[in-house]
Amino acid sequence: MQLGRLGVWYPTDRLSAPQLKDLLRSVEGHGYAALWYPESRGYESFALASFLLANSRRLVVGSSIANIYARDPFAARRGLLTLNGLHGDRFVLGLGVSHVPMVEGLRGHRYERPVPAMRAYLDGIVRDQEGAQDWPIVLAALGPKMLALAAGRTRGAVPYNVTPEHTRQAAAILGPSKWLAVEQKVCLETDAARARALGRSELARYLALTNYRNNWLRLGFTEADLAEGGSDRFIDAMVLHGDAESIKRGLRAHFAAGATHVCIQPVHAEGDFAARERMLAALADT
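Here full-length UniProt numbering is used: position 123 in the sequence shown is 123, and no number is missing along the way.
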């Protein structure tokens with residue numbers, strides 16, 4: 001499987017079936033290599049992947065993430081192999097440990113220590129399976145220990161809400177043979193105040209999650225940067241804004257830092273699919 005250079009990450013839970021088909025046509029029509037989607041409170045990850053694969057022709061489709069508390073390792077293995085068997089090897093299984101509110105509050109499970117939990121889950125997926133080391137599995141890794149696990153046990157990592165400095169650190173841990181598929185939010189908006197307002201709205205739910213906060217503090221942001229919706233410095237790093245050329249420079253910084261794949265997440269007002277389309281069209285040749 002070739003992951004390609006540029007992809008799109010999009011919050012699919014907000015979309016109906018016809019809207020998902022519109023998104024697929026746009027992403028594929030503009031020549032992006034992959035479409036990544038989350039697993040949160042809406043669509044079930046593998047069922048959604050099947051829909052996305054069935055309604056596209058060449059796109060790689062990646063879960064980002066499939067929650068390890070949502071299904072046991074055997075189910076994840078069979079889902080991975082089934083989707084690739086039925087859809088021409090176009091599915092990447094991105095796995096993550098999610099967050100305490102999503103695991104304990106929403107699902108009623110006990111949230112375990114992230115790295116041991118992921119290691120045990122991977123053990124269950126690949127147990128007694130020949131060739132499993134080549135399966136397209138990646139981890140939603142932020143910290144150095146999870147990145148090291150991704151390097152040793154999977155095809156790579158899919159970091160989310162990160163900066164080029166994190167990409168540099170992750171590339172050093174993963175090594176040159178692994179995929180490093182980095183998500184980057186973008187907002188094609190030259191009015192900085194409007195772009196930051198959209199960015200703060202998008203990032204509000206992440207600012208309440210410990211895993212992301214810890215990673216941002218490791219990257220040099222302060223508690224003050226993360227307070228009251230985020231400082232301008234923080235928001236500008238998380239959501240690239242300006243004209244197309246300014247955003248492309250920010251995306252290229254991830255490639256320069258060692259990313260093998262960058263997936264852009266268009267940030268726009270709720271339901272403003274015309275803005276999403278403008279961004280996908282403008283950034284496709286990054």
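No lab work stands behind these hints: they were computed from the structure. Take these hints with a grain of salt, some might be off.
[Stated by the list, open to error] Using C-beta positions, here's what the derived DEER-type ranges look like:
(1) R233 with G131: 39 to 47 Å
(2) A47 with A192: 35 to 43 Å
(3) A197 with E112: 24 to 32 Å
Note that the Cβ used here is the ideal one computed from N, Cα and C, for glycine as well.
Each hint, compared with the structure:
Checked against the hint of 39 to 47 Å, the C-beta distance between R233 and G131 comes to roughly 46 Å, which is consistent with it. Judged by the Cβ atoms, the range 35 to 43 Å given for A47 and A192 holds: they are separated by roughly 40 Å. Checked against the given bound of 24 to 32 Å, the beta carbons of A197 and E112, roughly 37 Å apart, lie outside it.
Taken one by one, the earlier hints fail for this structure only at number 3.
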